[in-house]
Amino acid sequence: MSVAVTPRKVVIAALLVGLALLPLYASLSGTPFLLTLFTRIIILAMAAVSLNLILGYGGMMSFGHAAYLGIGGYTVAILAFEGVQSGLVQWPAALAASALFALIVGALSLRTRGVYFIMITLAFAQMAYYLASGMARYGSDDGLSLDNRSEFGGLLNLSNKTTFYYVCLILLYASIYLVWRLTNSRFGMVLRGTRSNETRMLAIGFPTTRYKLAAFVIAGTMCGLAGALIANHTEFVSPAMMYWTRSGDLIVMVVLGGLRTLFGPVLGALALLFLEQFLPAIISAAVRPFNPVNAAKAGEYWQIVLGPMLLLVVLFARGGIDGLLRLLSSRERHG
Amino acid sequence: MADALLRIENLSKRFGGIQASDGISLAIPAGELHAVIGPNGAGKTTLVAQLSGQLASDAGRIGFAGEDITGLPMHRRSARGLARSFQVTSLFLDFSVLDNVAFAVQAHDGHSFRFWSDARRDRTLREPARAALARVGLAERAEWPAAKLSHGEHRQLELAMALAGKPRMLLLDEPMAGMGPEESARMVKLLRELKRELTIMLVEHDMEAVFALADRITVLVYGRVIATGVPTDIRANPQVREAYLGEEEAAHG
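Protein chains in written order, with my numbering: chain A, 1 to 335; chain B, 336 to 588.
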C-alpha cells in the first residue's frame with residue numbers, strides 16, 4: 001500500500017474538506033445562494049454515485065435512473081400531502097417504493113442485453129413520468145408543492161438550511177463509503193467480474209443475473225433516498241424530475257467524472273452543475289466586447305459550448321476527470 | 336464401464352443446415368484422460384460447449400457422476416465439478432492474475448451475497464488461488480494484470496482457474512492452441528501430472544501431445560464418432576488414417 005501524496009488525492013481531500021466547510025464560507029462571504037447550489041450538487045452527486053454502482057461497476061447501461069429520484073421524491077410529497085409529515089415514515093417509504101420499482105424493472109430488463117436493456121430501462125422511467133403526469137390529485141404536469149420539509153421530531157430541523165446541507169452531505173459520504181465496501185466485497189467482485197466477462201462468470205459457476213439484480217435494487221434504493229432529499233430541498237416535485245433527459249444528466253455526471261471510480265460521480269456532478277450554473281454568464285461576458293446587444297441572449301446557448309466539452313472528455317479522457325487526475329498523478333511520480 | 340464419470344448418449348446439435356454433433360455417445364471413466372480429435376469443423380468445440388452447458392442440445396443425454404445433467408445450466412454443472420477451459424482465452428483481462436483465480440475459488444465457496452468485508456483480503460479465497468497459480472507455474476505473476484501475460488501464460492492461467500474450483504473433471508478445449516514448442520512441452524508435463532488426480536477430456540490439435548497423454552482417443556468427423564480406442568488402435572485404424580491422420584501427416588511432411 002503506497003501512501004504517496006498525489007495530485008489526485010490532494011484534489012479529492014480538498015473536495016471532501018471543502019464541502020464540509022462550505023456552509024461556513026457561504027455565511028462569511030454572504031453568498032447564501034452557494035449553500036442552495038451545493039445542496040443540489042450534493043444530492044445529485046448521491047444519485048450519480050448510485051448510478052455508478054450499476055453503470056460503472058456493473059456495466060449495466062440503465063437509461064432510466066432519474067425515475068428513482070422521482071419515485072423517492074413523490075413518495076415524500078404524496079405522504080406530506082396526505083398529512084404524514086414524519087420523515088421517519090416518509091423516508092423509509094421512499095426507500096421501499098424505489099426498491100420495489102427497481103426490483104420490478106430489474107427483474108424484467110436484466111433478461112435483455114445491450115440496446116434492449118437501455119430501451120427497457122428508459123421505457124419504465126418514461127412510464128413513471130407519464131404516471132406522475134396523470135395523477136390529477138397530486139398536481140399532474142404542474143407537480144406538487146410540499147408545505148413542510150420532513151419532520152424528525154426534536155431530532156433535526158430540516159428547515160434550517162445548514163442542518164439540511166449537512167444531512168445531505170453525511171448521506172453522500174455514507175453512500176460513497178457503502179459503494180466502496182460493496183464493490184470490494186465478494187458481492188462486488190461478482191458484479192465487477194460480470195461486467196468484465198459475463199460468459200466466463202457463468203462458466204465458473206456464478207448465477208450472474210441475481211447478483212446484477214441485487215445491485216440494481218441497491219442502486220435504485222440509494223437514488224430513491226436522493227429523491228427524498230430533492231423533494232425536501234426544492235419543497236416541490238414534478239414529473240419533469242423523471243424525464244429521460246434527467247437520466248441522461250446522471251449518466252453524463254458519471255462518465256464526465258469517471259466511471260468505476262469512487263469519487264468520479266461527485267466530481268462529475270460538481271463539474272456539470274457548475275457549468276450549468278456559470279457557463280451562461282461566462283459566455284455572455286465573452287461575447288459582450290464583440291456584440292453587447294446580444295450578449296445576454298448568447299448565454300442562453302450555453303449547451304452549444306457544453307456539448308463539445310463533453311465530447312472532448314469522452315474522446316480524449318476516457319477515465320473522465322478522475323482519469324485526468326490519475327494521469328497527472330502518475331506523470332508526477334515518474335517525472 | 337457402468338461407473339463412467341461422464342456418460343454421453345446420442346448427443347446431437349444442429350445449426351441450420353449443419354449437423355455439428357450427430358448422435359455422439361461416449362463413456363469416460365473416472366481417472367481417464369480422454370482425448371477428442373478430428374479435423375477442423377468436426378464438431379469438437381460444439382461438443383465441449385454442449386457438455387459445459389453453454390449450448391443446449393437438440394437431442395441426447397449427458398450423465399455426470401451418475402446424475403442426468405442434460406438440462407442443467409452452465410453454473411450448476413460447474414458447481415458439480417465439471418470445469419471447462421476455453422479455446423479462445425476468456426479471462427478477466429482488467430483484473431490481476433490472482434484475482435482471476437480468486438474468482439474461480441469464490442464461485443465454489445457458497446453464495447456471494449456477502450456485502451461488507453474485503454474479498455481481496457479474504458484468505459479463504461486468496462490462499463487457494465495462490466496454490467492453484469503455483470500449481471501451473473504462475474506464482475510469480477500473481478500481481479500482474481492478466482492482460483500483460485503472454486499467450487502461453489494465459490493458457491496456464493486458464494488451467495489454474497479450472498483447477499481452483501477443485502473440479503472432478505476438466506474439459507480442456509485446445510489448451511495448447513497457439514503455443515510455442517517450449518510452452519507446449521510445459522503444458523504436456525503439467526497435464527501429465529494432473530491426469531493422476533483428475534478425469535480430463537482433452538480436445539486438441541497437437542497430435543504429438545494427444546498421443547503422449549491420452550489413455551483413450553475418440554475421433555470425430557462431421558459430428559460423428561468414427562472411432563474410440565487406445566492410442567495404438569487409433570493410429571492403426573484405417574478409417575481414422577484416411578479421414579484425419581493421413582491429411583495431418585501429409586501436412587507435416
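Keep in mind that the hints are not guaranteed to be accurate.
Said to hold, decoys possible - Restricting the straight-line Cα-Cα distance to at most 25 Å, the calculated cross-link-like pairs of lysine to any residue (SDA-like) are:
#1 A/K9 to B/K501
#2 B/K530 to B/A562
#3 B/K483 to A/T209
#4 B/K501 to A/T209
#5 B/K501 to A/L35
What the hints contain is simulated information worked out from the structure, not anything from laboratory work.
Comparing the hints with the structure gives:
no.	hint	result
1	A/K9 to B/K501	42 Å, violated
2	B/K530 to B/A562	22 Å, holds
3	B/K483 to A/T209	29 Å, violated
4	B/K501 to A/T209	24 Å, holds
5	B/K501 to A/L35	57 Å, violated
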